Amino acid sequence: MSEILLAAQNVTKRFPGVLANDDVSIRLRPGRILALLGENGAGKSTLVNVLFGMYRPDSGQVVIKDETVELHGPDDAISRGIGMVHQHFQLVPPMRVVENIVLGEEPTKRGLVDLDEARNRVVELSERYGLEIDPDALVEDLPVGMQQRVEILKALYRNADVLILDEPTGVLTPQEADHLLGVLRELTETGLGIVFITHKLREVLAIADDIVVLRNGQVVGETTPSQTSESGLAEMMVGRSVVLQVEKSIADPGDVVLKVNELEVNDDRGQIALDGLNFEVRAGEILGVAGVEGNGQRELVEAITGLRHPSVGLMEIDGEELSSGSPRQITKKGVAHIPEDREKHGVVAVYSVAENSVLNRYHRRPFSIRGILRRDVIRGHARDVVDEFDVRTPSVSVPASSLSGGNKQKLIVGREFSDEIKLLIAAQPTRGIDIGAIEFIHRRILEQRDKGTAVLLVSAELDEILGLSDRIAVLYDGKIMDVIDAQDADREKIGLLMAGITD
Amino acid sequence: MKPQQKQLLYAGLAVMLVVIWLFYSADGPQTTAVLAGTVRAATLLALGAMCGMIGERSGVVNIGIEGQFLLSAFAAFTVASMTGSLFMGTVAGIGMGLMMGWMLAAMAVGLKVDQIIAGTVLNIAALGLTSFFYDRSRSLGMGKYTNIDLGPLADIPLVGTVFFSRPPLTYLTMALLVVVHIALFRSVWGMRTRAIGEHPGAADTVGIDVLKLRYFNVTLAGGLAGLGGAYLALEAVGTFSRAMSGGRGFLALAVMIFGRRTPFGAYAAALFFGFTTALQNQFQLNNTFDIPPQFVGMLPFVVTIIVVALSGLVGSMRDPAALGQNYEKG
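Just so you know, the sequences run in chain order A and B.
Quick note, in my numbering, the first sequence goes up one by one and the last residue is 503.
Quick note, in my numbering, the second sequence goes up one by one and the last residue is 330.
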């Protein structure tokens, strides 16, 4: 057996304006799990794309099984035994599990795809590795955890002896994630090596044999779980000591601000996404909505902000029935919205920072008079937002697209918070941004709460929900499984509810 | 297909057979003529629909079928009249179709031009070129393809005349329906083709060259439209005339959608649309209605609009997920 299964040696990769990987070296041995840790933009994805043959490095080498290789594409990497499970699954939804697994390397009989043979091989594989699956199910009918299993089987079918997993637990419940970690550990017992990419510190400590931390494209630390801790890893990732948990006082809830009654909302395909929701959010409290993504969170946020109209049910904001209100009517009631997809719904990329800072009220005085924008007033306002919310930008005239994710998000938060607000709808407010910005935004949200704003926090990050919420509602399959006080909540309990299990 | 839809389909088929039988008993020659006309019209539509579906299954919209028909018909006619060989004309038609498929692929796949615009370019180019170069004095000295009786099968009343006493390209089309069906749904090529139309990224990560396969498929599909053009000039009509494809390339797309992008489904749909065309012809021939012929001529197109609108209501027809999108690697 080879000494080194997979290694990057002094890999450097440049993109226009960015040094994505700067002299990065890692090595993976058989039977080991190597965790690649780093914030968004640290260069993790670039590195694995180099290892998988998607990108050619500008300098440096890729070593597979003790042999320096030049990869010309993913098929090169695949044929050398590298398997990759992408963060966004690379599966063909309307095709069957077995077809997806064998695609690209189909067994044939008399020139046609031999599906029986393919099915046999898939069943044999799934039995050998304990990864049960129905080979004839359509991928689009499978839950996310199962789709991930199909991805792993796809790699194993190609005789992978290295598995690269890119943020594999992001879409799983805590229990599913634990199960996956168990499966991965078992896989290493056959000599398989695993590269595990994540930004979740707990998982790294739970599963990794070796840890490599990346920051700004460079390796800033190599360690093992026994030598470090969550705060130690966070410090390496960020480059300074960080507060992982923002301190908060006990909530003092006031009047009901948002009330939702028997809310039914359809998704884009016209199927029921929210099925009879009832809840209320009071002034001065944070209601966290936990759940695996795709269980109705998007539709909920869109319904409350007026982007989507419920088919049945009532929604009251501050005592006014607004279930068929337009986004502007709702904004006017003092509702702020931090949207889930900041690129699509948060900022207009080609507009300047200044223009983006008034997207929610450019039509009102003092920003415009009789339909004419007052640029100086807008710029002045933008400068205030930039200062107060620590948006790092060379000026307020540059387009929003030139800002980093974290700074875009701070700009959005600044825009939404610079008016008097009664209700804040925060959807995935810290997705994909650096720890420093996360900490900042968490503080600001708590500040709003303490000022008496009602907050609805929708997040797929359980830590965020547990850290900020006063009460937690768990959404599963368009229904609220339970609402629990934050004091009584723990990962285990919420995880079961996220999977739709009630006792 | 859901069981209810299947029942509906069978019920519809049964009703149709009974109606045909009734008509046949009442007026044999007329019924035979209409049904033979149905198959004649359906052949062209089926070829266009197969061309469209191979493109769309791979993620490339082809609205240039109309132009492919027209220019191939022109090439087939010209070569046939020059060489005096229908076979050579047919080969030329197919060759021209392949070339136009290749042009569409070069624009839509290679240069990543908007697919609708690329198809429109073909249509306009075909109309312009054929109108300009069309030579009125040319004709097919030897006549068009003639019917071939398939032995005793041709002697079956009605069915024999309609299906088994046909010219060669019609038989070839029927054979191609089977070939394309097996290729699309059973072969390695078909599986990969469907994959790149649904999720090119997934295909790419398992080492399938998405752009190459799309290039190949769109070119190959052009050959089917080219055969359609040859059929139009050398078998259906026997001459070339300006804009002779008459919107059937677009009708073929409706046929393809209604047939759920499957060859047999498309043929069923083609027969249905072909029937409206044949009926319209028969109405005009007999002067059944005392209204201007243009209105009777509208029949197939009115039915197209109604059917496409209805089929939207019937639902459960999903386009390939990556249809119309250019694929960028990475």
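In short, the hints are calculated from the structure, not lab data.
Please note that the accuracy of each hint is not assured.
Each computed BS3-like pair below joins lysine-lysine, with the alpha-carbon atoms no more than 27 Å apart [what the hints assert, rightly or not]:
#	chain 1	residue 1	chain 2	residue 2
1	A	Lys248	A	Lys259
2	A	Lys344	B	Lys112
3	A	Lys248	A	Lys344
4	A	Lys493	A	Lys248
5	A	Lys200	A	Lys259
6	A	Lys109	B	Lys112
Here are the computed distance ranges between Cβ atoms for each label pair [stated by the list, open to error]:
#	chain 1	residue 1	chain 2	residue 2	range
7	B	Phe132	A	Thr12	43 to 49 Å
8	A	His88	B	Phe289	26 to 32 Å
9	A	Pro107	B	Leu153	46 to 52 Å
10	B	Phe132	A	Pro94	53 to 59 Å
If the Cβ cut is set under 8 Å, some of the chain B residues that face chain A in the computed set are [to be verified]:
#	residue
11	Gln7
12	Ile148
13	Asp149
14	Leu150
15	Gly151
16	Pro152
17	Arg186
18	Ala195
19	His199
20	Ala202
21	Thr205
22	Lys212
If you're wondering where the values come from, they're calculated on a predicted model, not measured in any experiment.
All C-beta atoms in this analysis are idealised placements derived from N, C-alpha and C, irrespective of residue type, glycine included.
Now for the hints, and whether the structure bears them out:
A threshold of 27 Å between alpha carbons decides the hint, and for lysine 248/A with lysine 259/A the separation of about 25 Å falls inside it, so the pair holds. This hinted pair checks out: lysine 344/A and lysine 112/B have alpha carbons roughly 24 Å apart, not beyond 27 Å. Proposed proximity of lysine 248/A and lysine 344/A is contradicted: the alpha carbons are some 31 Å apart, above 27 Å. A threshold of 27 Å between alpha carbons decides the hint, and for lysine 493/A with lysine 248/A the separation of about 22 Å falls inside it, so the pair holds.
A threshold of 27 Å between alpha carbons decides the hint, and for lysine 200/A with lysine 259/A the separation of about 34 Å lies outside it, so the pair is violated. Straight-line distance between C-alpha atoms of lysine 109/A and lysine 112/B comes to about 36 Å, which puts the hinted pair past the 27 Å bound. Phenylalanine 132/B and threonine 12/A have their C-beta atoms about 58 Å apart, which leaves the hinted 43 to 49 Å range violated. Between histidine 88/A and phenylalanine 289/B the CB atoms are about 58 Å apart, so this pair departs from the stated range of 26 to 32 Å.
Separation of proline 107/A from leucine 153/B is about 39 Å and departs from the stated range, judged on CB atoms against 46 to 52 Å. Against the hinted window of 53 to 59 Å, the Cβ-Cβ separation of phenylalanine 132/B and proline 94/A comes to about 45 Å, which falls outside the hint. Against a cut-off of 8 Å between C-beta atoms, the interface hint on glutamine 7/B is violated, since the closest Cβ of chain A lies about 23 Å away. The beta carbon of isoleucine 148/B comes no nearer than 29 Å to any beta carbon in chain A, farther than 8 Å, and the hint placing it at the interface is violated.
Given the 8 Å rule on beta carbons, the hint for aspartate 149/B is violated: about 33 Å separates it from the nearest Cβ of chain A. Against a cut-off of 8 Å between C-beta atoms, the interface hint on leucine 150/B is violated, since the closest Cβ of chain A lies about 28 Å away. With its C-beta approaching chain A no nearer than about 29 Å, glycine 151/B sits outside the 8 Å limit, and its interface hint is violated. Nearest Cβ of chain A to the Cβ of proline 152/B: about 32 Å, over the 8 Å cut. The hint is violated.
Given hint, arginine 186/B at the interface with chain A, holds; its Cβ is 4 Å from that chain's nearest Cβ, closer than 8 Å. A hinted interface residue such as alanine 195/B counts as satisfied when its beta carbon comes closer than 8 Å to some beta carbon of chain A; here the least separation is about 5 Å, so the hint holds. Residue-level restraint check for histidine 199/B holds (minimum Cβ-Cβ distance to chain A is 5 Å; threshold 8 Å). Among the interface hints, the one on alanine 202/B holds; its C-beta lies about 4 Å from the nearest C-beta in chain A, closer than the 8 Å criterion.
Contact between threonine 205/B and chain A, as hinted, is supported at the beta carbon level, the nearest pair being about 5 Å apart and thus within 8 Å. A distance limit of 8 Å between C-beta atoms decides the matter here; for lysine 212/B the minimum to chain A is near 12 Å, and the interface restraint is violated.
Comparing the model with each numbered hint stated earlier shows that hints 3, 5, 6, 7, 8, 9, 10, 11, 12, 13, 14, 15, 16 and 22 do not hold.
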